[in-house]
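Peer 1: Modelling step: build the complete structure from the supplied sequences, incorporating the hints.
There are 2 protein chains.
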Amino acid sequence: MQSFTPTPESIPPANVKYTLQLPEGVPVHVQPLNPLAFVLRAAQIYPKKLALSHPDVPYPVYYNYDVWTQRIQNLAYALIEAGIRPGDRVALIAPNSPVIAEAHHGVLAARAVICPINTRLTVPEVDYILEHSGAKFIIVDHEYAKLTQNAKVPVLVSNDTGRVGCPYEAFLSSGRRFSQEKGWAGLQWESNEDSAAALCYTSGTTGRPKGVITTLRGSYLAAIANAYETRMDLNSVYLWILPMFHACGWTYPWAITVAFAGQITLRTVSNNLIWNHLLNSGVTHYCAAPTVQIGLMSSPEARVVPRKVTTIIAGSAPTAQLLGDLEKKGIKAVHVYGLTETYGPSTTCYVQPTWAKLPLDERARLLARQGFSFLTAGSARVVYPPKDGEPDNVELVDVPKDGKTVGEIVMRGNIAMKEYFKDPEATRKAFRGGHFNTGDLAVMHPDGYIAIQDRSKDIIISGGENASSVAIEQELASHPDILEVSVVARPHPKWGERPMAFVILKTQAAPRWKGRHDAFAAELKKHARSRLPGFACPEWVSVVDELPKTSTGKIQKVALRKIVAKL
Amino acid sequence: MQSFTPTPESIPPANVKYTLQLPEGVPVHVQPLNPLAFVLRAAQIYPKKLALSHPDVPYPVYYNYDVWTQRIQNLAYALIEAGIRPGDRVALIAPNSPVIAEAHHGVLAARAVICPINTRLTVPEVDYILEHSGAKFIIVDHEYAKLTQNAKVPVLVSNDTGRVGCPYEAFLSSGRRFSQEKGWAGLQWESNEDSAAALCYTSGTTGRPKGVITTLRGSYLAAIANAYETRMDLNSVYLWILPMFHACGWTYPWAITVAFAGQITLRTVSNNLIWNHLLNSGVTHYCAAPTVQIGLMSSPEARVVPRKVTTIIAGSAPTAQLLGDLEKKGIKAVHVYGLTETYGPSTTCYVQPTWAKLPLDERARLLARQGFSFLTAGSARVVYPPKDGEPDNVELVDVPKDGKTVGEIVMRGNIAMKEYFKDPEATRKAFRGGHFNTGDLAVMHPDGYIAIQDRSKDIIISGGENASSVAIEQELASHPDILEVSVVARPHPKWGERPMAFVILKTQAAPRWKGRHDAFAAELKKHARSRLPGFACPEWVSVVDELPKTSTGKIQKVALRKIVAKL
Numbered sequence: 004m005q006s007f008t009p010t011p012e013s014i015p016p017a018n019v020k021y022t023l024q025l026p027e028g029v030p031v032h033v034q035p036l037n038p039l040a041f042v043l044r045a046a047q048i049y050p051k052k053l054a055l056s057h058p059d060v061p062y063p064v065y066y067n068y069d070v071w072t073q074r075i076q077n078l079a080y081a082l083i084e085a086g087i088r089p090g091d092r093v094a095l096i097a098p099n100s101p102v103i104a105e106a107h108h109g110v111l112a113a114r115a116v117i118c119p120i121n122t123r124l125t126v127p128e129v130d131y132i133l134e135h136s137g138a139k140f141i142i143v144d145h146e147y148a149k150l151t152q153n154a155k156v157p158v159l160v161s162n163d164t165g166r167v168g169c170p171y172e173a174f175l176s177s178g179r180r181f182s183q184e185k186g187w188a189g190l191q192w193e194s195n196e197d198s199a200a201a202l203c204y205t206s207g208t209t210g211r212p213k214g215v216i217t218t219l220r221g222s223y224l225a226a227i228a229n230a231y232e233t234r235m236d237l238n239s240v241y242l243w244i245l246p247m248f249h250a251c252g253w254t255y256p257w258a259i260t261v262a263f264a265g266q267i268t269l270r271t272v273s274n275n276l277i278w279n280h281l282l283n284s285g286v287t288h289y290c291a292a293p294t295v296q297i298g299l300m301s302s303p304e305a306r307v308v309p310r311k312v313t314t315i316i317a318g319s320a321p322t323a324q325l326l327g328d329l330e331k332k333g334i335k336a337v338h339v340y341g342l343t344e345t346y347g348p349s350t351t352c353y354v355q356p357t358w359a360k361l362p363l364d365e366r367a368r369l370l371a372r373q374g375f376s377f378l379t380a381g382s383a384r385v386v387y388p389p390k391d392g393e394p395d396n397v398e399l400v401d402v403p404k405d406g407k408t409v410g411e412i413v414m415r416g417n418i419a420m421k422e423y424f425k426d427p428e429a430t431r432k433a434f435r436g437g438h439f440n441t442g443d444l445a446v447m448h449p450d451g452y453i454a455i456q457d458r459s460k461d462i463i464i465s466g467g468e469n470a471s472s473v474a475i476e477q478e479l480a481s482h483p484d485i486l487e488v489s490v491v492a493r494p495h496p497k498w499g500e501r502p503m504a505f506v507i508l509k510t511q512a513a514p515r516w517k518g519r520h521d522a523f524a525a526e527l528k529k530h531a532r533s534r535l536p537g538f539a540c541p542e543w544v545s546v547v548d549e550l551p552k553t554s555t556g557k558i559q560k561v562a563l564r565k566i567v568a569k570l
Numbered sequence: 004m005q006s007f008t009p010t011p012e013s014i015p016p017a018n019v020k021y022t023l024q025l026p027e028g029v030p031v032h033v034q035p036l037n038p039l040a041f042v043l044r045a046a047q048i049y050p051k052k053l054a055l056s057h058p059d060v061p062y063p064v065y066y067n068y069d070v071w072t073q074r075i076q077n078l079a080y081a082l083i084e085a086g087i088r089p090g091d092r093v094a095l096i097a098p099n100s101p102v103i104a105e106a107h108h109g110v111l112a113a114r115a116v117i118c119p120i121n122t123r124l125t126v127p128e129v130d131y132i133l134e135h136s137g138a139k140f141i142i143v144d145h146e147y148a149k150l151t152q153n154a155k156v157p158v159l160v161s162n163d164t165g166r167v168g169c170p171y172e173a174f175l176s177s178g179r180r181f182s183q184e185k186g187w188a189g190l191q192w193e194s195n196e197d198s199a200a201a202l203c204y205t206s207g208t209t210g211r212p213k214g215v216i217t218t219l220r221g222s223y224l225a226a227i228a229n230a231y232e233t234r235m236d237l238n239s240v241y242l243w244i245l246p247m248f249h250a251c252g253w254t255y256p257w258a259i260t261v262a263f264a265g266q267i268t269l270r271t272v273s274n275n276l277i278w279n280h281l282l283n284s285g286v287t288h289y290c291a292a293p294t295v296q297i298g299l300m301s302s303p304e305a306r307v308v309p310r311k312v313t314t315i316i317a318g319s320a321p322t323a324q325l326l327g328d329l330e331k332k333g334i335k336a337v338h339v340y341g342l343t344e345t346y347g348p349s350t351t352c353y354v355q356p357t358w359a360k361l362p363l364d365e366r367a368r369l370l371a372r373q374g375f376s377f378l379t380a381g382s383a384r385v386v387y388p389p390k391d392g393e394p395d396n397v398e399l400v401d402v403p404k405d406g407k408t409v410g411e412i413v414m415r416g417n418i419a420m421k422e423y424f425k426d427p428e429a430t431r432k433a434f435r436g437g438h439f440n441t442g443d444l445a446v447m448h449p450d451g452y453i454a455i456q457d458r459s460k461d462i463i464i465s466g467g468e469n470a471s472s473v474a475i476e477q478e479l480a481s482h483p484d485i486l487e488v489s490v491v492a493r494p495h496p497k498w499g500e501r502p503m504a505f506v507i508l509k510t511q512a513a514p515r516w517k518g519r520h521d522a523f524a525a526e527l528k529k530h531a532r533s534r535l536p537g538f539a540c541p542e543w544v545s546v547v548d549e550l551p552k553t554s555t556g557k558i559q560k561v562a563l564r565k566i567v568a569k570l
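As they're listed, the protein sequences go chains A and B. Sequential numbering from 4 applies to the first sequence in my numbering. Sequential numbering from 4 applies to the second sequence in my numbering.
No lab work stands behind these hints: they were computed from the structure. Some hints here could point you the wrong way.
One copy or two, it doesn't matter: identical chains are merged, so the pair holds either way.
To be verified - Pairs of lysine to aspartate or glutamate residues, derived as DMTMM-like cross-links and limited to a Cα-Cα distance of at most 20 Å, are as follows:
1) K311 <-> D236
2) K425 <-> E134
3) K335 <-> D236
4) K432 <-> D391
5) K331 <-> E365
6) K432 <-> E27
7) K425 <-> E128
8) K185 <-> D401
9) K335 <-> E468
10) K517 <-> D548
11) K20 <-> D405
12) K139 <-> E128
13) K185 <-> E398
14) K52 <-> D450
15) K52 <-> D69
Peer 2: Now the structure itself:
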């Protein structure tokens, strides 16, 4: 660890107490749930434990829990001093770095609502979100400052130095002075646990992004579930690969503190930085989408990890190839599923002891399923989607547990969003049948496991048969030369639609097929025919250098469909 | 495992669904917290996993999660058929056995309140509790049927056979018939998470026992904390030594199901049965007071356990001797603290990584402290106790973190009781200063750890100095010949009071001191003088064969004081 001295205002007083003011009228036996509780516990119990490292930057910083929690308090006071009132939204535009990690606690300590914005958006997109969210204050990382060029509210810039001279640091220091050293007791605990914790915008491929309101109660319970289901503890170190701006980092900014674990923030997702930390920094946990994981596993730095590492996979189902690669590196996969509307993960594919004996391919097929609601989530069901014209309170009917009948995944309970912000009509539609309607199509297997098939637009209607692009991708990915694959529908004069596969070859296989992509296409089709029904075999195969992806690593089928439309 | 066939009505239908009716008006994003959720999850995800074994009886039984959960449903329907309505109390008098484990879920599924009664009470004591609780229905184990001889409400007897012919089994079977196979959907989920889950009576050494009301929300959150803090998971097996009737078994009946773990019920606490299970049944977790643990460690069956075992210790602080003995056997101790009013455990002595290097004696001194509030508990503080005449809403003031100033432990939050049943005056007193006043005296160490000194009546005022009987016991217990020791005040003409020690010798040491107890007393006093200030050294030492204990293994100092009073 390099030498680093936090700003003087980051050092807590000797007599610090970690108890906030509780409003009158809260009964002795109730503490309104709030994920802020966790970092306060960590600072109280393990003050000198390393909470956050931000190493791979010109100005690295390292905060112990006591110092880091003081900074969180400073941020809360500074926001209040800047005029932020309970319920106000504070926008955050930053890559994974201390400022956004701190905001997940400090904004809540000011009883305000965190509104993280994707750093990869355009200025007009950011303008829309700033306008729609009504954010009163913006904190932006210097690299993304231009995104706030049209902002009509105060903008605070973080230079990501953690040192005197950075405007963000000056802001925190002003908070400490404003606190008059009343400490935590000068701040009030939010009495209503149903208050908003965050306002996260969906990346909505069609139309305007929607603002998802999550609550303090839900964030508290989701964070506990994520810590428990992934077995994080005092000795855990979480590596930030998933952007924190994505659904509040799936509540991991809080889950990490549930466990008193450490965290490492990386501004940029680069395979060699990640492997350096996996091999040398004691990392035990990270979250990432399969595409990111595939890149990691095929990176030249890849080695067997020196301790048990658990990776949380979501975004799409892991393939057998990927699960096998992870296993070979000593990395245990926990497959989870969820959406921004469900605080990120809310189901997990619980592993049955009997699966251990199965061959990898079969095990992977079982593990690729979305499974069951996790610890604190409510129910997740697969139902016949409500039809147009049916009342909003229609009684939803489960599809049979046959592994075949396709329905829609619906969820309800403490890990479902409260509403779409300022959009009662979208909320009403999303909550038909008293559940959150995910829009994800799935089957229910006889063993009760939910397995996603496709979003309805991802189904390929080939010769009157419904072909699942997800299932086709799973089978094509088993070809030894394929690194990554995505399948979409392409119009076909005879069959209506037929699957088209876009393929990235593995580095070592690419030279062999150079100039012979037709031969590869023929081989892949042959491979497909041995594993898939005729209507599901790709009619076209396009070898590409990269696939269009969202900021969270999901393949953008919309972009592929645009390519197909021009063919 | 012996062959056993559950009653036909215990077998769930093929199409079982684990979702209860949710009342109108519960928002999509809220599921009222209720620990019943956990066993339903377990049955859904791991239906064929062994949930409960009851092996050491003439009629052993073994239930998988699917079967066990059906029995829970049957119990709920049978109770409703018997006239039990939401909020009614159902009394339970049973040793650790399936009936009481089932009741912790089945009574809640009927939206009723479980009222477990200590099997070691007398008939008049049971009469008082039945009267005070207003229990509408009693379930009693055949061995304790005589305790209900004066009952004025229906009494259902369990013969603990799990087989046709037992009245309890007939009752469950009637529930299944009454359900009309509507299954879980025919039962309603309690919409108010602040509703009572349990009514547990304190063992109150003075005056009438008080009835502690705990809530569904508190039980849910306490169960999660107990599972998380003790790292229970799918592979865990919990051995029942702590009686389930004591504070609902510290919420472990639910915590076990959080983890999808197995449990083994033992009717009787016997060292050889316990060691048999520790060595041969895959046990990973058990709770027990230090006195029980001391007996276990000194038992001739004691061996090194063949896998990692975690023991949860509470009731009083473990001594260095005991911690050392546990370590030698491969058993990891988690020291927790709480009262019936805090759902059993609500603080734990979190271990600091730096302690690992310390010698056992020093480590034990640190581990013997009560520590910090655990995961879902609110705040635990040490404050100057409110004085008589101060208003109920007096602002409590923390004692300094000096490890010396004695104050009272107070707690508040989701793991504190709701009230004393039908006793607003006792509730008011217990809740002075907006916290539950435990009556336990403690200091706050500079590192923030709470350490119990004594209940105020356990303080020995010797020559004007306050001597802590707990601290004296800790030091005396380090003598190599002592198995167990308890210290109380005895009047002294010159010093006001002086400590008197009651000592049980180790089996191997007893013969050596036979007929020479005076010599042992002299040696122990010498041992004490090397470790304690003069006013804290015992003036008298009495070697005894056993110490008077409560049903939960706590030494009854009241009984020792009675002996002293007659000297």
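Peer 1: At most 20 Å between C-alpha atoms: does K311 with D236 qualify within a copy, between copies, both, or neither?
Peer 2: Answer is both: 13 Å inside a copy and 17 Å across each meet the 20 Å cutoff.
Peer 1: Is it within a copy, between copies, both, or neither that the alpha carbon of K432 lies no farther than 20 Å from that of D391?
Peer 2: within (10 Å within a copy, 59 Å between copies)
Peer 1: For the identical chains here, do K20 and D405 meet the 20 Å Cα criterion within one copy, between copies, both, or neither?
Peer 2: Between copies, since 14 Å is at most 20 Å while 56 Å is not.
Peer 1: How do K432 and E27 come out at 20 Å by Cα distance, when the copy is not named: within, between, both, or neither?
Peer 2: between (38 Å within a copy, 18 Å between copies)
Peer 1: Tell me, please, which holds for K52 and D450 at an alpha-carbon limit of 20 Å: within, between, both or neither?
Peer 2: between (43 Å within a copy, 13 Å between copies)
Peer 1: Go through the copies and call it for K425 and E128: within, between, both or neither, with a Cα cutoff of 20 Å.
Peer 2: within (17 Å within a copy, 60 Å between copies)
Peer 1: Checking K52 and D69: alpha-carbon separation at most 20 Å within a copy, between copies, both or neither?
Peer 2: Within one copy only: 8 Å inside a chain, 43 Å across chains, cut-off 20 Å.
Peer 1: Is it within a copy, between copies, both, or neither that the alpha carbon of K139 lies no farther than 20 Å from that of E128?
Peer 2: Close inside one copy (17 Å), not across copies (63 Å); limit 20 Å.
Peer 1: Please work out whether the CA atoms of K425 and E134 approach to 20 Å or closer within one copy, between two copies, in both situations, or in neither?
Peer 2: Answer is within: at 12 Å inside a copy they meet the 20 Å cutoff, but 54 Å across does not.
Peer 1: Taking 20 Å as the upper bound on the Cα-Cα distance, should K331 and E365 be classified as within, between, both, or neither?
Peer 2: within (17 Å within a copy, 43 Å between copies)
Peer 1: Up to 20 Å between alpha-carbons, please classify K335 paired with D236: within, between, both or neither.
Peer 2: So K335 and D236 pass the 20 Å test inside a copy (16 Å) and across (16 Å) alike.
Peer 1: Is it within, between, both, or neither for K517 and D548, if the alpha carbons may be no more than 20 Å apart?
Peer 2: within (12 Å within a copy, 88 Å between copies)
Consistency note: the structure conflicts with earlier hint 9 alone.
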